[in-house]
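There are 2 protein chains.
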Amino acid sequence: MNNEIPNVEHVIEEREDFSGEKVVPFLIFYPKNEEDIVKIINFALENKLSIIPWGYGTSLTGAVKCDKSCILIDMSKMNKILEINDVDWYVRVQPGVRLIDLFEELEKKGFMLPPDPASFFLCSVGGATSESSGGMKGVKYGSFREWVLALKVVLPTGEIIKVGEPLRKNRAGYDLTHLFVGSEGTLGVITEIWLRITPLPRRKIVTIVAWLKDFKSAGEAIIGLRKNRILPELSEYIDIDVIKALNKNLNAGLKESQGGMLIISVEEDLVNDVVKVLEGKTEEIKITKDDEAERIYSLRAQAAIAVKAESKTFFAEDIVVPISKLPYAIEELNSIAKKYNTKFYIISHIGDGNLHPNIVIEDPDIRQKVFEEIGRMAIDLGGSISGEHGIGTQKAKLMAEQILKHNGAKVLDLMYEIKKLIDPNDLMNPDKYVELAWKYSNSNNNYK
Amino acid sequence: MNNEIPNVEHVIEEREDFSGEKVVPFLIFYPKNEEDIVKIINFALENKLSIIPWGYGTSLTGAVKCDKSCILIDMSKMNKILEINDVDWYVRVQPGVRLIDLFEELEKKGFMLPPDPASFFLCSVGGATSESSGGMKGVKYGSFREWVLALKVVLPTGEIIKVGEPLRKNRAGYDLTHLFVGSEGTLGVITEIWLRITPLPRRKIVTIVAWLKDFKSAGEAIIGLRKNRILPELSEYIDIDVIKALNKNLNAGLKESQGGMLIISVEEDLVNDVVKVLEGKTEEIKITKDDEAERIYSLRAQAAIAVKAESKTFFAEDIVVPISKLPYAIEELNSIAKKYNTKFYIISHIGDGNLHPNIVIEDPDIRQKVFEEIGRMAIDLGGSISGEHGIGTQKAKLMAEQILKHNGAKVLDLMYEIKKLIDPNDLMNPDKYVELAWKYSNSNNNYK
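As given, the protein sequences belong to chains A and B, one line each in that order.
Going by numbering that gives the first Met the number 0, the residue at position 302 of the first sequence is 301; the numbering climbs one at a time, nothing skipped.
Going by numbering that gives the first Met the number 0, the residue at position 11 of the second sequence is 10; the numbering climbs one at a time, nothing skipped.
It is possible that some hints are incorrect.
Identical chains blur together in the list; that is why a pair holds if it fits in one copy or across any two.
To be verified - Capping the alpha-carbon separation at 27 Å, the derived lysine-lysine pairs in BS3-like fashion look like this: (1) K212 to K161; (2) K404 to K226; (3) K338 to K47; (4) K409 to K419; (5) K247 to K31; (6) K368 to K337; (7) K139 to K203; (8) K76 to K107; (9) K161 to K419.
Hints were generated in silico from the structure; no laboratory data involved.
Owing to the predicted nature of the structure, the values given are computational and were not obtained by experimental measurement.
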């Protein structure tokens, strides 16, 4: 030790994140303010340790993987909602606030923050900002990046800065805010977040559940909505294997239609238009009452839990494909599943093209092969290897492939240079995400 | 000349932008594709000339100011709408497309791109992207930065890259797209733009015109809307001097109420709620018929023209203040006007706190003084010195002040370092915007 451990609450402890990654840090600190974080940064620099901010560990991509060379900064003691401004329509929070607690406080005042990742009952606002998390309302309202107005950040070089302004419109300088949103803890420690909020919907929202004849109809139904210029509040999908898992493990009692279940919520006066689009594609269609809709969404939210009960391994994919390519992507997923004699238990924010095929293959080599095949299919279709879970360690290689194919090697270079510019000592969450993707692309000629 | 002039259409010509800045470039090129632009970049580098992309010259802040040391790249020959995708809900265009032409094509297909700067009938999509332009619909739909999905860019180092993906959700790497949106031609030449589009509103929109008793009521009315969780489609304001200018110069025949005119458009079922908010604040209130509403908006759109006819000089301010500070900001503007014995002819996207006091003072020193006083008031109120017009040369000093006060000197340093990283030869639009702001802050101790 070159330096005494700073006077900030800390423990030595092992953890595991939601992807099952072991997290065995040198030390876990619980900072209470920015000054504590500066102390921790100095301590890490002097002892050549790296730093990873930790919300509540709901990462699915190895973004908080950590060994003895790293310090975890547990943000759970910085968990205050600092301000809900009902005139300027923003909320200012510390990163350790749980998203569910923020949602509840906002709802009391007639507001919502739309992005609602499936882990909202557990995850932190800081984590959701660092991952630019999405959720079921993405089709209408986008993901976190569309709602973050400004951030307070302790930089890896120790400066405390604010990026952005808590204003809807601001043109003072380059947009650095969006560099930090989705930066996965690689550019600094976020200590305050200003988020735009919006009034709760005023109109009655009706949920339509469609049990589909075949899987492909799901994609065609979404294309039908698009062609008819119908923008739903939500449009979700689960396949037949997910329905079966829900029935078996959560006693859901859902009809097991071959093509799975499509759940579409729209403002009341759009219901007939949606039903028309679904014509000929369904075994059964149901316009739900309020409590039924709630039950359906609660089951949808628990779908991953039901699938997890089916298998020892569970690996959540997170591809995005252009809506126009949904039917083709669905066919491709079917044929990949057949080839490897497996099921994908597809859960999907289908309305924005974000598909979560869940891989339950136990053999790690075959699992990796399937994982990459699915990712490459998304890339080939002009889609993305991640819509909302992020990159971490698990998707760095595929991210490199996507950027080299869609954007150009120079784009990955620029991202890497920006990382070095903001974090010259490579202190924050090293060897993951952009850095790891850049290394893949520069160490292996196959990628160029 | 170290190099022959490349084989790309060009002229020698003088121009003037909308802010009255002289544009006397060494040469004006009309590229037809990315390869032409690479040739121009190489020519500029070898001859130590700088480059400025030019849309249709509607900049109000000196962003395209240019002398004999600079080459203008006129993008008007790259003016194709390449794709309107009615399933994936994006449009892909070249930068020289006029915004009005894009609006018309989209409307035919039932779509809109909401940001509608007052110059939409003239300006280019490339210009609006480079400035992150706003407009009247900003209160509900934000400005350009919320609608750009991806960009093709020729970098100042000659590489052709794409940043972003034409997908609503994409987590593959740091968000570089938002660095280029609002970069004012300082980071590269944008050659293709993917923009998100959305269906035209399905519901009847009704426009309410309120002639106010006093100016302050305008701010209080907007706060009232906010407190009642009413999100209008538009909410615009013009003060009594603008009304008088419209009556005098465009024969508008509008009632000249002391407090100016507030124009609020909402979905039909919200009209009564709005009227209730306005109670006690108006001399007269009118719920307009469709053609009346159109006439009112057409007059609102021509307000700047009417004001320009009143004075030899016309200098459009563009501050943003938090909604909660609107009444105070309005009082402050009144007292600054009194102090300098002038009128501000305020035009405002008041619903998002974006105020355009128009300075008509002829003496350049006093004009500059007033200009800075207004900007500093916005900064002091936690607002911004620009909402949608950008920085260029005119606001660089105030931008430095805002960032030093709200964000920290390190933020300006980071912006400057990013400029150097992407444009190491300082080729693109040098000595403006971020670079100029950084120089102000580092050359004068008063700013630190």
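For each hint, the structure was consulted:
When the C-alpha separation of K212 and K161 is checked against a cutoff of 27 Å, the pair qualifies neither within a copy, at 52 Å, nor between copies, at 40 Å. For a Cα distance limit of 27 Å, the shortest separation of K404 from K226 qualifies neither inside one copy, at 29 Å, nor across copies, at 48 Å. In this assembly of identical chains, the alpha carbons of K338 and K47 never lie at most 27 Å apart, being 47 Å within a copy and 59 Å across copies at closest. For a Cα distance limit of 27 Å, the shortest separation of K409 from K419 qualifies both inside one copy, at 15 Å, and across copies, at 15 Å.
Taking CA atoms no more than 27 Å apart as the test, K247 paired with K31 passes in neither setting, with 45 Å inside one copy and 62 Å between copies. Taking identical chains as interchangeable, the C-alpha atoms of K368 and K337 lie at most 27 Å apart only when both belong to the same chain, with a minimum of 14 Å there against 73 Å between chains. In the homo-oligomer, the alpha carbons of K139 and K203 lie at most 27 Å apart both inside one protomer (16 Å) and across protomers (20 Å), since each shortest distance falls under that limit. Taking CA atoms no more than 27 Å apart as the test, K76 paired with K107 passes inside one copy only; the shortest distance there is 24 Å, against 54 Å between copies.
Both within a single protomer and between protomers do K161 and K419 lie at most 27 Å apart by alpha-carbon distance, with minima of 19 Å and 21 Å respectively.
In terms of the numbered hints stated before, the structure departs from hints 1, 2, 3 and 5, listed from lowest to highest.
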